[in-house]
Amino acid sequence: MAESKSPLARAAEHFQKNSRIGSVRSYGRKHERCVALNHTALFTSLVDLYTSLFMSDLRHFRFLTEIFTIPPDTNPCLHLARAYISAWFHDLYSCIREVARNLYPLAYLDHYQTELGLLSFEYDDFLVLVNSAIRPTHIKGTLQDTLYVPIFSTDTETPIDWNSSNPLNIPNFNLDYDLVCKIISMMKQSKNWRISNLVKKNNNNPGRPFWLFDWHDDFCCCSWFPPEQGNYTMEDVTMAYIIGVSCSPMLAPRDVDDWQPFSGDIKSKERVTKRSFYGGYEVRTFEVRKKICPQNQKQKQGDRLDLLSYGFDGISSA
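The sequence shown begins at 1 in the working numbering and counts up one residue at a time.
Treat the hints as calculated values from the structure; they're not laboratory data.
Hints are not guaranteed to be accurate.
[What the hints assert, rightly or not] Each computed DSBU-like pair below joins lysine-lysine, with the alpha-carbon atoms no more than 30 Å apart: (1) 274 with 290; (2) 140 with 30; (3) 267 with 290; (4) 140 with 17; (5) 140 with 274; (6) 5 with 17; (7) 290 with 269; (8) 17 with 30.
[To be verified] Pair by pair, the computed Cβ-Cβ distance ranges are: (9) 59 with 154: 41 to 47 Å; (10) 56 with 204: 32 to 38 Å; (11) 69 with 256: 47 to 53 Å; (12) 141 with 261: 36 to 42 Å; (13) 261 with 16: 52 to 58 Å; (14) 56 with 143: 41 to 47 Å; (15) 23 with 158: 37 to 43 Å.
Quick caveat, the model's predicted, so the values are computed rather than measured.
Quick reminder that beta carbons are idealized off the backbone N, C-alpha and C, glycines included.
All chains, please: the whole structure from these sequences, using the hints.
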């Protein structure tokens, strides 16, 4: 016997059939939004990490520091790390470009027109994992169902010159193909390193969201999207913890206050406007502006709350 519907259920069915009620979306699911990578911060963090790793295995890499010219007053392992990570950044662009070319034509046309070959098909397991994670990443359960596409610059008027020796203008960026080939060759000979094929990971699988987390005070890593629906796992948090820096701009929704003059302790000021919404975990941030007046100088500050609708406890960065 069919279960009888409630009066409200019958009314809802009637209104839907007659187009009186229904669902409307301003944007479709997996709406594409481009997010610029904090490439300098990511580069610096990885260089620091791999400088330490090369120093811990210096006996194995000492040969390279003797046959290649090391700049004066430069730690040899630091020089190796800069070359290794620079090549990886070059190939990160190539890998994302291939995915964009196959699946995301708008991002491809705006940001990935330059064709680049890979400098190396192989890197150590961790860099291959990070490479495969920084891909177009689908985030669900937030205000908008969004596909975040990593890009290297928001300036579409002046394309990046990827044929330059330092296309991203990163300090200490150093593309040295011969040195990188030797580094990877030495890694293969060492029991302390595991090497993976970058091309096998360069597929159309979605990225992982470690690169979208917000960081506050350089030690508090926050997720502005829920872990449910497969958005992230503790493996993604672990990857963010190892890298230890923000890979993208702040993306959490913010309850922004009005500007007001202040003097003394900025943190003691109360909001001018009432709170509009609340989050499960909140971080209070301040912005300060100076307005120069004819007779004196007055400082104005804006008080805003970063509302993280979902999150987790802060993690100390390495």
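Here is how each hint holds up against the structure:
Taking the CA atoms of residue 274 and residue 290, the gap is near 24 Å; set against the 30 Å cutoff, the hint holds. For the given pair, residue 140 sits about 8 Å from residue 30 by alpha-carbon distance, which is consistent with the 30 Å threshold. Simply put, residue 267 and residue 290 have alpha-carbon atoms about 17 Å apart, close enough for the 30 Å limit, and the pair holds. Proposed proximity of residue 140 and residue 17 is supported: the alpha carbons are some 29 Å apart, at most 30 Å.
Straight-line distance between C-alpha atoms of residue 140 and residue 274 comes to about 29 Å, which keeps the hinted pair within the 30 Å bound. At most 30 Å may separate the alpha-carbon atoms for a hinted pair to count; residue 5 and residue 17 meet this at roughly 16 Å. Restraint check: the Cα-Cα separation between residue 290 and residue 269 comes to about 17 Å, which is no more than 30 Å; the hinted pair holds. With a C-alpha separation of about 27 Å, the suggested pair residue 17 and residue 30 falls inside the 30 Å cut-off, and the hint holds.
Evaluation of the 41 to 47 Å hint for residue 59 and residue 154 yields a pass: the beta carbon distance comes to about 44 Å. Hint check: residue 56 to residue 204, Cβ distance near 36 Å, so the stated range 32 to 38 Å holds. A C-beta distance of roughly 52 Å is found between residue 69 and residue 256, which places it inside the suggested range of 47 to 53 Å. As the Cβ distance of residue 141 to residue 261 is approximately 40 Å, the hint placing it in 36 to 42 Å holds.
As the Cβ distance of residue 261 to residue 16 is approximately 54 Å, the hint placing it in 52 to 58 Å holds. Our hint of 41 to 47 Å for residue 56 and residue 143 holds, since their Cβ atoms are close to 45 Å apart. Distance hint check for residue 23 and residue 158: the Cβ-Cβ separation is about 41 Å, which falls inside the suggested range of 37 to 43 Å.
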